[in-house]
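Visitor: Use these hints to put chain B onto chain A, whose structure you have.
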Amino acid sequence: MSVRGALAFLLLALAFVLASWLGWWAVPVVAAAWGFLRPAVRRPILTAALAAGLAWAAWLLWDFGRDPAAFARLTGRLGAVFPLPSALLLLLTLLLAALLAWCAAAVGCWLGGALASNPHER
Amino acid sequence: MPATPAQRPRSGRTVLAALGLGVLLYAGLRGIGPAPALGPFLNPATGVWSLVRSAEPPARAEARIPGLGAPVRVLVDDRGVPHVFAASEEDAWRAQGYLIARDRLFQMELQTRAASGTLSELLGARALEADRATRRRGFPWAAERGMAGLDSGALIARAARAYAQGVAAWIDQMGPADLPLEYRLLGARPAPWQPINTLYLFLQMAYTLAWDDQTLLKLQVRGLVGAAATEALFPLNSPIQEPIQPNGSRAPRYDFARIPPPGRPDTGALIGARRRESLELALGWQPGPRDEGDAIGSNNWVVAPRRTAAGYALLAGDPHLELSLPSVWYEIHLNVAGATDVAGVTFPGSPGVIIGFNRAAAWSFTNTGADVRDFYQETVDDDAHPGRYRLDGAWQPLAERVEVVRGRRGEALATDTIRFTHRGPLLREGNRWLSMRWTAFEARGPGEDFLRLDRAQSVAEWLEGWKDYVAAAQNGIVADRAGNVAIRSTGKYPVRPGAGRGDAIADGGTTRTDWTGFLPLEAYPFSLNPAQGYLASANQQPVDPRDNPHYFGVDWYSPWRALRINQLLRADSALTPESMRRMQTNPGSARADAYVPLLLSAAGAIAAAGKGDDTLRRAAGLLGEWDRRYTPDNPRAVLFEAAMAELAPLVWDELIPTERRSDSSARPVAAPEEAVLLELAADSANAWWDDRRTPEVEHRDEILARALRRGFVRTLHADGAPESAGWRWGNAHHANLYHLLRLPGLSALGLSVQGGPSTLSPSPGQGTHGPSWRMVAELGPAVRAWGIYPGGQSGNPASARYLDRLPRWVAGQLDSVLFPARPGELPASRVRSVLTLTPAVP
Numbered sequence: 035m036s037v038r039g040a041l042a043f044l045l046l047a048l049a050f051v052l053a054s055w056l057g058w059w060a061v062p063v064v065a066a067a068w069g070f071l072r073p074a075v076r077r078p079i080l081t082a083a084l085a086a087g088l089a090w091a092a093w094l095l096w097d098f099g100r101d102p103a104a105f106a107r108l109t110g111r112l113g114a115v116f117p118l119p120s121a122l123l124l125l126l127t128l129l130l131a132a133l134l135a136w137c138a139a140a141v142g143c144w145l146g147g148a149l150a151s152n153p154h155e156r
Numbered sequence: 003m004p005a006t007p008a009q010r011p012r013s014g015r016t017v018l019a020a021l022g023l024g025v026l027l028y029a030g031l032r033g034i035g036p037a038p039a040l041g042p043f044l045n046p047a048t049g050v051w052s053l054v055r056s057a058e059p060p061a062r063a064e065a066r067i068p069g070l071g072a073p074v075r076v077l078v079d080d081r082g083v084p085h086v087f088a089a090s091e092e093d094a095w096r097a098q099g100y101l102i103a104r105d106r107l108f109q110m111e112l113q114t115r116a117a118s119g120t121l122s123e124l125l126g127a128r129a130l131e132a133d134r135a136t137r138r139r140g141f142p143w144a145a146e147r148g149m150a151g152l153d154s155g156a157l158i159a160r161a162a163r164a165y166a167q168g169v170a171a172w173i174d175q176m177g178p179a180d181l182p183l184e185y186r187l188l189g190a191r192p193a194p195w196q197p198i199n200t201l202y203l204f205l206q207m208a209y210t211l212a213w214d215d216q217t218l219l220k221l222q223v224r225g226l227v228g229a230a231a232t233e234a235l236f237p238l239n240s241p242i243q244e245p246i247q248p249n250g251s252r253a254p255r256y257d258f259a260r261i262p263p264p265g266r267p268d269t270g271a272l273i274g275a276r277r278r279e280s281l282e283l284a285l286g287w288q289p290g291p292r293d294e295g296d297a298i299g300s301n302n303w304v305v306a307p308r309r310t311a312a313g314y315a316l317l318a319g320d321p322h323l324e325l326s327l328p329s330v331w332y333e334i335h336l337n338v339a340g341a342t343d344v345a346g347v348t349f350p351g352s353p354g355v356i357i358g359f360n361r362a363a364a365w366s367f368t369n370t371g372a373d374v375r376d377f378y379q380e381t382v383d384d385d386a387h388p389g390r391y392r393l394d395g396a397w398q399p400l401a402e403r404v405e406v407v408r409g410r411r412g413e414a415l416a417t418d419t420i421r422f423t424h425r426g427p428l429l430r431e432g433n434r435w436l437s438m439r440w441t442a443f444e445a446r447g448p449g450e451d452f453l454r455l456d457r458a459q460s461v462a463e464w465l466e467g468w469k470d471y472v473a474a475a476q477n478g479i480v481a482d483r484a485g486n487v488a489i490r491s492t493g494k495y496p497v498r499p500g501a502g503r504g505d506a507i508a509d510g511g512t513t514r515t516d517w518t519g520f521l522p523l524e525a526y527p528f529s530l531n532p533a534q535g536y537l538a539s540a541n542q543q544p545v546d547p548r549d550n551p552h553y554f555g556v557d558w559y560s561p562w563r564a565l566r567i568n569q570l571l572r573a574d575s576a577l578t579p580e581s582m583r584r585m586q587t588n589p590g591s592a593r594a595d596a597y598v599p600l601l602l603s604a605a606g607a608i609a610a611a612g613k614g615d616d617t618l619r620r621a622a623g624l625l626g627e628w629d630r631r632y633t634p635d636n637p638r639a640v641l642f643e644a645a646m647a648e649l650a651p652l653v654w655d656e657l658i659p660t661e662r663r664s665d666s667s668a669r670p671v672a673a674p675e676e677a678v679l680l681e682l683a684a685d686s687a688n689a690w691w692d693d694r695r696t697p698e699v700e701h702r703d704e705i706l707a708r709a710l711r712r713g714f715v716r717t718l719h720a721d722g723a724p725e726s727a728g729w730r731w732g733n734a735h736h737a738n739l740y741h742l743l744r745l746p747g748l749s750a751l752g753l754s755v756q757g758g759p760s761t762l763s764p765s766p767g768q769g770t771h772g773p774s775w776r777m778v779a780e781l782g783p784a785v786r787a788w789g790i791y792p793g794g795q796s797g798n799p800a801s802a803r804y805l806d807r808l809p810r811w812v813a814g815q816l817d818s819v820l821f822p823a824r825p826g827e828l829p830a831s832r833v834r835s836v837l838t839l840t841p842a843v844p
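Protein chains in written order, with the numbering used here: chain A, 35 to 156; chain B, 3 to 844.
Hints in this document: simulated from the structure, not taken from any laboratory.
All C-beta atoms, glycine included, are put in the ideal place defined by N, C-alpha and C.
Be a bit skeptical, because a hint or two may be false.
Unchecked claim - From the structure, some residues in chain B lie toward chain A, with a derived Cβ separation under 8 Å:
1. Thr16
2. Ala20
3. Gly22
4. Leu23
5. Asn45
6. Ser52
7. Val54
8. Val671
9. Ala800
Okay, chain A solo, but in the shape it has when bound (with noise of 0.2 Å):
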């Protein structure tokens, strides 16, 4: 990954950390916009999920920072809520972030290019 790439992969994944403190709806919306500005990024669609599940990660981090016994006791009861291994479900919090940015980046990505190769409607 060129230096401009990993910038660029750095910054939609700190965009992802800001735009989840309003909601996990943003997370598309900002998948949306990378894929439909199509940053000339190697596989931007991939990229968008990537740093998705990487924002996601680093919210779970800093919490698990802040309080690892705190965290572990969170995680393994909610895994037994559920009921479902503690890791699987961090595991399906950081698909969640990523399936929804890959998706939403393609969808945009796509709407970007229609528009792109119909300038009179843009």
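Guide: Relative to the frame of chain A, chain B by itself:
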């Protein structure tokens, strides 16, 4: 930014992405199946994972509360207990509302909704029938009437308002991480907290403690064996007299009489039983607690200074309630200079302290179990849509109230018209109408009494502050630093015309059957500084009928726990806080002391008569090895319990409905108290001993031996050989603390505890009820106290204090309760959080 060919979207992928996005957005917004909406739930910024951030209170924080008169300082100690230092009682209650909402908001709302019939607004249509039953019981009517009748300057009115301000302040200031897990699972938000919620809470508690309604059981039994036998099986007075109010005897008195043989079925009563049964269903009354034996009971006792090692009065309290997570209790210390300095536990939603101590006194309660609810059969003008009811030969208008039960989106799920006579709610039952009168509906400002107790500076002040308490009747026990000890069974006891009893359906057509008033305070069971030097209550009949002829109720719990407590208290004249603590989990059993010799004697008699076999001999041998203690590793308690479980249907086979007697697993419609069974055991040839399902005529010893033999065989099948781990009491029986939503993942199940049926730490049945707040207080120059409840202060499952007390509760240990007079007295090493509450700027 031009797209390269490689970036050009492929249509198949786009369709897949669009579909996927649709599914994800739906799952994110609405959830799939029982799962919550995944988007807000899993979002780590504001969703369930953020609960980690609110797991522990911040080391230092400030918050504002509207209406606060002056700053309030709160120090949270290392047990999670807030110590509130305020300038006025109102400010202390505001802070209390804020703090308890911070730790227990969902619990507060859930239990309030249970009492107001609005659970459906939180849980959806699955709670509809429970809500309708609550409204038919008249709870919203009673709470609103109570609130409207409250003087705005009344102590409870001021407290409820202040408390609500504190709760509202917390709800307003909640950040995303503060939303309790349960709301996230349900996809709900907290409802605003109103002062009336405090009244709902006390109604709910009265409902919990006024569960025991014997009329239905007695009607069912009458239908099977007639009136005379029923009266003997469910007697007005306990056959073992060990009353709360000392009767001058140093030992229990056994008032055994001959129990009349089963009589002819009373078909009229059978009809009544069915009627009453459907009425109970209409009311949503829970029949469960009888299955839990005396686990919904309590213990308390006090010891005068002359019987303690240090020469200071000692008090022990131990209410047995439903074991839930979070606990029904919340521990707090409220300090208001010159007014109140009280610590102990309270119900989330209730201002002040319910059970606890201050600088001068300590107190606790057990349930009296008095009969304070009556039914009246009414004549109405229109059977389908009554508007009037007949009273003393004239028609009286019925008050009406339309109850609309709403769902989660505010939609109407059901609309019911509830009617009221002058007695209370009118209930449809089959083709008849019954009205209900209950003392809990007569309380004006429930909860105020507890606030007065918090201020009491002596036993005398405590008793005075408690004298107007209405429901549910409680055996309040108290000790003070001057060495006084007292107990009084307090609550409004209805005075009824005629024989004065309330255990039958009365004629509603006349006011002559109405209550004529309430017993005067002087008639309440009471004792102050008795010669014996101690007092105790354990839900037994409160007063010896030879000393006090008034009607308080019927069919009292067997006094096994009372017998054991008094036995231990009589045996020790140098009690210490530590010995009081050990008593609370004493594994001995007066019930086992009474029945084991009977079972062994019966087995011996049967063997001597040549009717025994090896199985019975082996069972008797194993039971004979038992030390009659319910310790977790005890290998024989399980055999005794199995034998006792077999005994009831063998003896009371006449109480199994005729059409089910051929079913070997059928149980009696009701089992008389085991004290009555002991009374029967004194009469070995009584007709009740005959099992009418067999051709031969049995006597006592044959039935007792058969129960032991069957219990042994059942235990062998269920738990393996007597030497196996399955016979360990701790493996065979458990305590179970269910989460409020019954989610196993948030519950603590299968706990191996010390204690069994009718021990001082009772753990019968499903193990869902038991000791909810064990406390010991020493009334010395400085009051010292120790206490524990199962669970922890926080309702947040991520918190260390969600379950931190559980291991010590299981082990029967108590925590030392910190009671600083000033903030500076709390050791810095034990302060975990400091919160400063300041008045909100308008």
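Visitor: Taking the hints in turn, state whether each one holds.
Guide: Checked hints:
no., hint, verdict
1, Thr16, "holds (4 Å)"
2, Ala20, "holds (5 Å)"
3, Gly22, "holds (4 Å)"
4, Leu23, "holds (4 Å)"
5, Asn45, "holds (4 Å)"
6, Ser52, "holds (7 Å)"
7, Val54, "holds (4 Å)"
8, Val671, "violated (39 Å)"
9, Ala800, "holds (4 Å)"
The structure shown violates just one earlier hint, number 8.
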